[in-house]
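Read off the chains here:
Protein chains: 2
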Amino acid sequence: MSPDSASLAGQPLTEADTPALWVDLDALDHNIATMAGHCAAQGIDWRPHVKASKAPELAKRLIAGGAVGITCAKVGEAEVMAAAGVTDILIANEIVGPRKVARLVDLARHTTICVAVDDERNIREISTAAQAAGVQVEMLVDINVGANRCGVPPEQAPALARLVLDLPGVSLRGLMGYEGHVMGMQPEDKEAESGRAADILGRAREALRAAGIEPRVLSGGGTGNYWIAASLGALTELQAGGGVLMDLSYMDAMKVPGHRHALFLDVQVISTAVPGRAMADAGWKSTGMHTGLPAVTSHPGVRVARLNAEHTILERDAGVALQPGERITLVPHYSDSTVLLHRHMYAVRAGRIEEVWPISAAGMLQ
Amino acid sequence: MSPDSASLAGQPLTEADTPALWVDLDALDHNIATMAGHCAAQGIDWRPHVKASKAPELAKRLIAGGAVGITCAKVGEAEVMAAAGVTDILIANEIVGPRKVARLVDLARHTTICVAVDDERNIREISTAAQAAGVQVEMLVDINVGANRCGVPPEQAPALARLVLDLPGVSLRGLMGYEGHVMGMQPEDKEAESGRAADILGRAREALRAAGIEPRVLSGGGTGNYWIAASLGALTELQAGGGVLMDLSYMDAMKVPGHRHALFLDVQVISTAVPGRAMADAGWKSTGMHTGLPAVTSHPGVRVARLNAEHTILERDAGVALQPGERITLVPHYSDSTVLLHRHMYAVRAGRIEEVWPISAAGMLQ
Numbered sequence: 003m004s005p006d007s008a009s010l011a012g013q014p015l016t017e018a019d020t021p022a023l024w025v026d027l028d029a030l031d032h033n034i035a036t037m038a039g040h041c042a043a044q045g046i047d048w049r050p051h052v053k054a055s056k057a058p059e060l061a062k063r064l065i066a067g068g069a070v071g072i073t074c075a076k077v078g079e080a081e082v083m084a085a086a087g088v089t090d091i092l093i094a095n096e097i098v099g100p101r102k103v104a105r106l107v108d109l110a111r112h113t114t115i116c117v118a119v120d121d122e123r124n125i126r127e128i129s130t131a132a133q134a135a136g137v138q139v140e141m142l143v144d145i146n147v148g149a150n151r152c153g154v155p156p157e158q159a160p161a162l163a164r165l166v167l168d169l170p171g172v173s174l175r176g177l178m179g180y181e182g183h184v185m186g187m188q189p190e191d192k193e194a195e196s197g198r199a200a201d202i203l204g205r206a207r208e209a210l211r212a213a214g215i216e217p218r219v220l221s222g223g224g225t226g227n228y229w230i231a232a233s234l235g236a237l238t239e240l241q242a243g244g245g246v247l248m249d250l251s252y253m254d255a256m257k258v259p260g261h262r263h264a265l266f267l268d269v270q271v272i273s274t275a276v277p278g279r280a281m282a283d284a285g286w287k288s289t290g291m292h293t294g295l296p297a298v299t300s301h302p303g304v305r306v307a308r309l310n311a312e313h314t315i316l317e318r319d320a321g322v323a324l325q326p327g328e329r330i331t332l333v334p335h336y337s338d339s340t341v342l343l344h345r346h347m348y349a350v351r352a353g354r355i356e357e358v359w360p361i362s363a364a365g366m367l368q
Numbered sequence: 003m004s005p006d007s008a009s010l011a012g013q014p015l016t017e018a019d020t021p022a023l024w025v026d027l028d029a030l031d032h033n034i035a036t037m038a039g040h041c042a043a044q045g046i047d048w049r050p051h052v053k054a055s056k057a058p059e060l061a062k063r064l065i066a067g068g069a070v071g072i073t074c075a076k077v078g079e080a081e082v083m084a085a086a087g088v089t090d091i092l093i094a095n096e097i098v099g100p101r102k103v104a105r106l107v108d109l110a111r112h113t114t115i116c117v118a119v120d121d122e123r124n125i126r127e128i129s130t131a132a133q134a135a136g137v138q139v140e141m142l143v144d145i146n147v148g149a150n151r152c153g154v155p156p157e158q159a160p161a162l163a164r165l166v167l168d169l170p171g172v173s174l175r176g177l178m179g180y181e182g183h184v185m186g187m188q189p190e191d192k193e194a195e196s197g198r199a200a201d202i203l204g205r206a207r208e209a210l211r212a213a214g215i216e217p218r219v220l221s222g223g224g225t226g227n228y229w230i231a232a233s234l235g236a237l238t239e240l241q242a243g244g245g246v247l248m249d250l251s252y253m254d255a256m257k258v259p260g261h262r263h264a265l266f267l268d269v270q271v272i273s274t275a276v277p278g279r280a281m282a283d284a285g286w287k288s289t290g291m292h293t294g295l296p297a298v299t300s301h302p303g304v305r306v307a308r309l310n311a312e313h314t315i316l317e318r319d320a321g322v323a324l325q326p327g328e329r330i331t332l333v334p335h336y337s338d339s340t341v342l343l344h345r346h347m348y349a350v351r352a353g354r355i356e357e358v359w360p361i362s363a364a365g366m367l368q
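Protein sequences, first through last, are from chains A and B. Start counting the first sequence at 3; every next residue gets the next number (our numbering). Start counting the second sequence at 3; every next residue gets the next number (our numbering).
Since the hints were derived computationally from the structure, they do not count as laboratory data. Owing to the predicted nature of the structure, the values given are computational and were not obtained by experimental measurement. A couple of the hints might just be wrong.
Covered stretches of chain A, going by a simulated chain B footprint (3 or more residues, C-beta under 8 angstroms) [what the hints assert, rightly or not]:
hint: 1; segment: 17 to 28
hint: 2; segment: 90 to 102
hint: 3; segment: 139 to 151
hint: 4; segment: 186 to 199
hint: 5; segment: 239 to 247
hint: 6; segment: 266 to 274
Backbone N, C-alpha and C define an ideal beta-carbon position, used for all residues, glycine too.
Take these sequences, add in the hints, and give me the full structure.
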């Protein structure tokens, strides 16, 4: 329904109606080069997660920038990415139940598919379906490296790995250990806990080796700790991907070094009737706020005081004038909770829309 | 991409893959009858807001249940609803700028469209566009009844109303006063503040009358206070609509009486590898959490401890067993922050899917 579609390519960003989600291509390219370069310097592969960006065109840009493939959270996301031409996908999550397993196996017909596993019955379920379909699904045995979410302890890894090796239709790629619990920690704790997580993953690798199994891949790391995790010697493949968009939570709360803000939201003032305030046309239905509020980058002396469902509540210093119709640029607090609310994002360089990227994997929750 | 589409009508809900958002039609019909009946008993019209539900099929069910039309927050939502056949829409917000005003005017070609206004230039902008298009846009002068968001004080209402009456292409329907600030208040404060808001709106009505202008409609009220607001004598039309879905925030925090939970999210256990816990396949990307956590309705002794982006972290009493693949039913904490994350919801009666409703207005943010 929105008139702000592909027809805006080539136009100034100001032609896109608000709220307008956009990516600064210069900053994006800088962030991609930073993450890819860090992995290359450490001699590991980069398989960035696209759970934050959800746009196939952006995923292809990651691969063009050096990624060996992508990481997804959901089968539905992987289906969108595969349909757009991405050929190597890790689903860094347990995929359970006959419906999703059937779709997982179907993806494996045309795409290299790898999935995390931590349960014997689940491994058997996927094996049976893959064998029936005549495809191969690769597997990473998921290790609980301290997040206490999914994954087995290191000592249980050899039995699951052996099962994967013995069953038809599935093959063992290696181990996964995602240290989600360290991302928001203070720098000193983050370093120590990333080290502990790497040690646990290393113990799982040694347990496999003691059982005569050599894991080809050890996968983990998030944007909140990737510059630490990539150097610890445990990982052969980094999953961190959100840092290419670089939001406030990554920069301010997680202290990710060397990146630039690449994701922005242009909003428009719709009311200045209440003295000292201004309302803009984007609330928490346009930019997630459970981690914090967005920041104004375009107007000194103007701040986001609150978000309602449909309104940005702006406060302004005395003497700062705002009128209905004025455009204001925000940097979202968290890309993960913002991008999924939109249907497309504008890829912008120097104020001009180069491309319009559908956010096709948003809402693909199954 | 999702296989869970219209083909599931007639199937058991358990055939819908998780996370599966669904509406209990018996509870929905009860809630619709409760709200419509309350308005009828007070002799006022019901124009429920569809910002929470975003599904045209649900909107049409509201009209079939007695609503005189619907309320939307965005032009994009109104476009979706009009395309689906809804013919009478209030956009309870200021619509600013040439692009959105052009679309507003375009809607008025085939639909009765009314919009909130609080600014002279905005009224002139809409008038000029509507006159050029040869259509009429109705207007409610927006009164700030204490929310301090949009709207003018009562004493400024007559000048804006007079301008609307004098300009071509636009016509005056009346006044709007949305008391968003009272919804989360404790019962005693809520009653007092709803009364104060009604008094302010009443003062605006009297100011209009003193200027010789009779407003046909006074519009306001939310689910959090509708049973109070509808009885105060100020409103002729109630905007409250979210209560038809009736989530935890409305029931527990806002103490809305007489409704039943109608919105649910079925999730699936994907990992029980960490002792004492279970992970399910829906995080805050499937059910909003900035107001609070969802509750488990299907399994005594199982609780939602936390939500991560992609995971429900469940805790269970000793002796309660959960296995990967098990389905668990949640009631979302807030429908507004949940429905917009999905692409369809299942309309279910007694465990059977009667219809599959596209959530077509989700993401229509412009």
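Hint-by-hint comparison with the structure:
Proximity of the segment 17 to 28 of chain A to chain B, defined as three or more residues with a beta carbon under 8 angstroms from a beta carbon of that chain, is established by the 4 residues found. Counting residues of the segment 90 to 102 of chain A whose beta carbon lies closer than 8 angstroms to any beta carbon of chain B gives 7, which meets the minimum of three for the stated coverage. Counting residues of the segment 139 to 151 of chain A whose beta-carbon sits less than 8 angstroms from any beta-carbon of chain B gives 4, enough to reach three: the coverage restraint holds. Residues of the segment 186 to 199 of chain A with a Cβ under 8 angstroms from some Cβ of chain B number 0, which does not satisfy the need for three, so the listed coverage is violated.
Chain B is given as covering the segment 239 to 247 of chain A, and this is violated because 0 residues of the stretch bring a CB closer than 8 angstroms to a CB of that chain, at least three being needed. For the segment 266 to 274 of chain A, the proposed coverage by chain B is satisfied: 5 residues have a C-beta within less than 8 angstroms of a C-beta in that chain, meeting the threshold of three.
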